[in-house]
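Chemist: Sequence:
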Amino acid sequence: MHDNPYGGYFKQGSEALIIARASVALNETTKGHQRAFGFAGKLFPTTDSDDVVQTANFFLIDDLGGTSAEHYTSVAMTNEPASSITLTVVRHLIYSIKLAVTFGEADSNPGIRQLYEVSYLGEENTSTVRTPRWMKVQALPGQTVNAEDFRDELNVDAHGGEIKFSVSVASSQDSRGRKNWSEIGEIILDASVVSNSCDHRLHFHHPKWKSNLRY
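Going by the working numbering, the letters in the sequence shown line up with residues 1 to 215, in that order.
Hints in this document: simulated from the structure, not taken from any laboratory. Please note that a few of the clues may not be correct.
Once the Cα atoms are required to be at most 16 Å apart in a straight line, the calculated EDC-like pairs of lysine to aspartate or glutamate come out as [said to hold, decoys possible]: (1) Lys-31 to Asp-152; (2) Lys-164 to Glu-183; (3) Lys-164 to Asp-190; (4) Lys-42 to Glu-70; (5) Lys-31 to Asp-149; (6) Lys-164 to Asp-149; (7) Lys-11 to Glu-123; (8) Lys-208 to Glu-80; (9) Lys-164 to Glu-15; (10) Lys-31 to Glu-124; (11) Lys-42 to Glu-186; (12) Lys-11 to Glu-124; (13) Lys-31 to Glu-80; (14) Lys-179 to Glu-80; (15) Lys-11 to Asp-152.
Let the sequences and hints guide you as you build the complete structure.
Modeler: Structure, rendered in structure tokens:
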């Protein structure tokens, strides 16, 4: 990570292992359909895969309503995604309403996922720790694999063994809602697997809303 005012594993020089889950929030996984790309990360504050450590989770999506983007590696995913009203959303309106109600009951601000688990990681005194309001992850240019299914697109073997994503953060925006993004580091994925048991064996819990965060 590059220099920035935030705590925990946003700090300059931080290194961690990560398990990332790439997904689509809607039903279709192939090009030609509306797809809402997601990136969930579980950070392990160590570089030794044998260590048993406390982890931190974060959640990023490009657009909850889905877009016609052809490639996972061409979109930017954030912790406060857009929510376009698309035909796909209208077709699943009842489900969308139920989902919104469920998220609303679970969290007072379901449209954004706070990042304090990452900024608090490894900190003994969190009362003075600063946390970015927003985080953005996007694949570095030149890594496009022209696969029909996004899961094949993210097979690291098709990328020569690794896929790199830039990590940017921000805590303010202008009157048009444009964030003052600052690139602070990168995520490198060097292994990939397609699994139908991920949600059953690997849990990414959503952090509860905190109203007293320092930005």
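Chemist: Hints first: check each against the structure and report whether it holds.
Modeler: Hints, verified against the model:
1. Lys-31 to Asp-152: Holds: Lys-31 and Asp-152 sit about 12 Å apart, inside 16 Å.
2. Lys-164 to Glu-183: 13 Å, holds
3. Lys-164 to Asp-190: Holds, at about 9 Å.
4. Lys-42 to Glu-70: Violated, at roughly 26 Å.
5. Lys-31 to Asp-149: 7 Å, holds
6. Lys-164 to Asp-149: At roughly 19 Å apart (the allowed maximum being 16 Å), Asp-149 and Lys-164 break the hint.
7. Lys-11 to Glu-123: 11 Å, holds
8. Lys-208 to Glu-80: Judged against 16 Å, a Cα distance of about 15 Å means the pair holds.
9. Lys-164 to Glu-15: Given that 16 Å is the threshold and the Cα spacing comes to 15 Å, the pair holds.
10. Lys-31 to Glu-124: Outside the cut-off at roughly 46 Å; violated.
11. Lys-42 to Glu-186: Given pair Lys-42, Glu-186 holds - Cα atoms ~14 Å apart, limit 16 Å.
12. Lys-11 to Glu-124: 14 Å, holds
13. Lys-31 to Glu-80: Roughly 24 Å between the alpha carbons, so the hint for Lys-31 and Glu-80 is violated.
14. Lys-179 to Glu-80: Roughly 11 Å separates the two Cα atoms, so the pair holds.
15. Lys-11 to Asp-152: 33 Å, violated
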